[in-house]
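> Sequence:
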Amino acid sequence: MSQEERICEPGALVLYKKKPAKVTAVDAKIHLQLENAKTVQVREKDITVLHPGKLNSLGELETLPEPEEDLAEVCEMLEETSDIAEFAELAYGEYTPVTAWAVCGLLDDGLFITGEPGSIIVVEPGQREAILAERREKAEKQAAWEAFIARVKTRKLEEGDRTSFFDVENLAYGKSPVSRLLKELKISEDPEHAHELLLKMGIWDEYIDPFPSRMGVSTDVAYPGIGEMKAEERIDLTHLAAYAIDDEGSKDPDDAVSIDGDRLWVHVADVSAAVTPGSEADLEAKELGSNLYLPNGVRTMLHPDAAEIFGMGLNETSPAFSFGIVLDGEGEITDTQVCLSTVKVTRLTYGEAQERMAEPGLASIWEFVERYRKRRAASGAIELNIPEVKTRVDEEGIVSITPIVPHQSRDLVGNAMIMAGEAAALFAVQHEIPFPFTVQMPPDVIPEPAGTITEMFKMRRKFRPSELRLSPDVHSGLGVHAYSRVTSPLRRYLDLLAHQQLRAYLQGSELLDEETILERGSIAFEGAKQMQRVERESTRHWKLVYLLQNPGWTGTGVVFEIHKKDIFLFIEELAMEVSVPAIPGVELDEELQLTLEHVNIPYRTATFSAERRS
Numbered sequence: 092m093s094q095e096e097r098i099c100e101p102g103a104l105v106l107y108k109k110k111p112a113k114v115t116a117v118d119a120k121i122h123l124q125l126e127n128a129k130t131v132q133v134r135e136k137d138i139t140v141l142h143p144g145k146l147n148s149l150g151e152l153e154t155l156p157e158p159e160e161d162l163a164e165v166c167e168m169l170e171e172t173s174d175i176a177e178f179a180e181l182a183y184g185e186y187t188p189v190t191a192w193a194v195c196g197l198l199d200d201g202l203f204i205t206g207e208p209g210s211i212i213v214v215e216p217g218q219r220e221a222i223l224a225e226r227r228e229k230a231e232k233q234a235a236w237e238a239f240i241a242r243v244k245t246r247k248l249e250e251g252d253r254t255s256f257f258d259v260e261n262l263a264y265g266k267s268p269v270s271r272l273l274k275e276l277k278i279s280e281d282p283e284h285a286h287e288l289l290l291k292m293g294i295w296d297e298y299i300d301p302f303p304s305r306m307g308v309s310t311d312v313a314y315p316g317i318g319e320m321k322a323e324e325r326i327d328l329t330h331l332a333a334y335a336i337d338d339e340g341s342k343d344p345d346d347a348v349s350i351d352g353d354r355l356w357v358h359v360a361d362v363s364a365a366v367t368p369g370s371e372a373d374l375e376a377k378e379l380g381s382n383l384y385l386p387n388g389v390r391t392m393l394h395p396d397a398a399e400i401f402g403m404g405l406n407e408t409s410p411a412f413s414f415g416i417v418l419d420g421e422g423e424i425t426d427t428q429v430c431l432s433t434v435k436v437t438r439l440t441y442g443e444a445q446e447r448m449a450e451p452g453l454a455s456i457w458e459f460v461e462r463y464r465k466r467r468a469a470s471g472a473i474e475l476n477i478p479e480v481k482t483r484v485d486e487e488g489i490v491s492i493t494p495i496v497p498h499q500s501r502d503l504v505g506n507a508m509i510m511a512g513e514a515a516a517l518f519a520v521q522h523e524i525p526f527p528f529t530v531q532m533p534p535d536v537i538p539e540p541a542g543t544i545t546e547m548f549k550m551r552r553k554f555r556p557s558e559l560r561l562s563p564d565v566h567s568g569l570g571v572h573a574y575s576r577v578t579s580p581l582r583r584y585l586d587l588l589a590h591q592q593l594r595a596y597l598q599g600s601e602l603l604d605e606e607t608i609l610e611r612g613s614i615a616f617e618g619a620k621q622m623q624r625v626e627r628e629s630t631r632h633w634k635l636v637y638l639l640q641n642p643g644w645t646g647t648g649v650v651f652e653i654h655k656k657d658i659f660l661f662i663e664e665l666a667m668e669v670s671v672p673a674i675p676g677v678e679l680d681e682e683l684q685l686t687l688e689h690v691n692i693p694y695r696t697a698t699f700s701a702e703r704r705s
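Here the sequence shown stands for residues 92 to 705, numbered as in our numbering.
Since the hints were derived computationally from the structure, they do not count as laboratory data. Don't be surprised by glycine CBs; every beta carbon is placed ideally from N, CA and C.
Using C-beta positions, here's what the derived DEER-type ranges look like:
| hint | residue 1 | residue 2 | range |
| --- | --- | --- | --- |
| 1 | 462 | 536 | 23 to 31 angstroms |
| 2 | 276 | 682 | 37 to 45 angstroms |
| 3 | 221 | 487 | 49 to 57 angstroms |
| 4 | 462 | 600 | 31 to 39 angstroms |
| 5 | 281 | 207 | 38 to 46 angstroms |
| 6 | 246 | 542 | 51 to 59 angstroms |
Only pairs whose alpha carbons sit at most 30 angstroms apart, straight line, appear in this in silico BS3-like list of lysine-lysine:
| hint | residue 1 | residue 2 |
| --- | --- | --- |
| 7 | 274 | 291 |
| 8 | 620 | 266 |
| 9 | 620 | 481 |
| 10 | 655 | 553 |
| 11 | 244 | 229 |
| 12 | 620 | 342 |
| 13 | 274 | 247 |
| 14 | 229 | 247 |
| 15 | 108 | 229 |
| 16 | 277 | 291 |
| 17 | 342 | 435 |
| 18 | 232 | 274 |
| 19 | 656 | 549 |
| 20 | 247 | 232 |
| 21 | 110 | 129 |
| 22 | 109 | 136 |
| 23 | 244 | 266 |
| 24 | 291 | 266 |
| 25 | 229 | 109 |
| 26 | 481 | 465 |
| 27 | 321 | 342 |
| 28 | 109 | 120 |
| 29 | 136 | 108 |
| 30 | 120 | 136 |
| 31 | 109 | 145 |
| 32 | 244 | 274 |
| 33 | 553 | 620 |
| 34 | 656 | 553 |
| 35 | 277 | 232 |
With these hints in hand, go ahead and build the complete structure from the sequences.
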């Protein structure tokens, strides 16, 4: 019976949305009963008649017959095409609703026949073998997958199983939002659960820090080369004693200070001598925004060779961008000389400089910057003396945490750098140079001077974020009238951008316009903020590793916030914020004795027990 001869009448078996249905009535619409006993009314074009009937119930289709003939032989008897009635007669010996539905199953399977019920196409033997080979391969893969899942559940992995965790690693690294393995194990598909499973299975250890990758920051950069420095006129300042004062182990000293009578000089690495606007090195640095300082290494903004070429004091003499600043008796900047120079620099650590603070050179510089600091303080500068630490990871993976000692020499450098930033901003305003200014507007409520940890944390929360602008305004946190970052062009693109503008002005070259400054500066500004976020998360990771390496750690925490159920503390020796369950009677700024109980690397938490000190 051809497709045209199959009549749609009550009792007929039809195909509706790829499911069997029984016709119960025919009028303006065709009434169908579905497998779930639900009834619908459809148009004739919505169905395909498989058999005119009579089908008593869909339950008859639950048990399908086995073919009476070998299906391969049946296919050989047929021409290239057939229909459901002919194929059912040959394969099952009769054409009934049940055998018609069985043929539909063969069509769905696709091994022997394909096409539609009214136009069945026979699958060629060669194609059939290819399908079988593909199914065998798929079955083998599924069996291997199920065996792998069983090994994961029992934590008995075999050699080579690591590669099967690639999607879990991608999720933990933030490269993918899904994982087949986590879904199979009914584990939430998020980076923390992925990290947790990788640690549990021994695929990762605690030394893997996923945060740079998870936060979209690459630590593997193909750096373009640094351009060549051209011979150009420079002022010889090598007769001045210049000091580059940094942390021990610093490899990118980019500033130095010296004094000449009533003028303080801040000398900055002259990176713009080789990294010109629009060059490959410049464009790459703009995208990176700044150096990325991680406890286990540094990803630089510029080619690593840049520090060796331009670093202050790394060669006998150094090319510099120098800012010569004069203050009045009240600490206000009254004159700024900006020039390209050559300097001879002595490198000192903060500790070494501290031991030499009484020497005439450093003592004079200190008197100069102290006058400036007092003026900033009178203008509302906010100093937060929250203890800081250096977190480092050695080649063996051992984490060390050392306090940053608040040396007078550190204050000297910090104030000199702020002074240079204000002086450069005022110079740009005076000479109408399009410039990237950094602005921080005052908080709505001016905070009182902070003394305790609690007061400093409250004050920090009131700070407004700094902004990049093309017109100068106050930087309330620093207490200056105008400010631009200019002292770290080896490490921050905004500083390099400012240098490029100043260099163009000094040499009478074409300046970048405001639109270009804003476009380049905004990308770098956001990139630098992202580097800070990555550094913060990565440093916390390694601090937790430090605690893992020091089980039973004990120390003190200072209470800075009290909630109904939790107390928040600051551990000064770790520079780390933690929380513990509330303890009755505890007061702000009280010190509690803490004992480490547990560390959870994936969730970035450490659990402590806390006791009040007697």
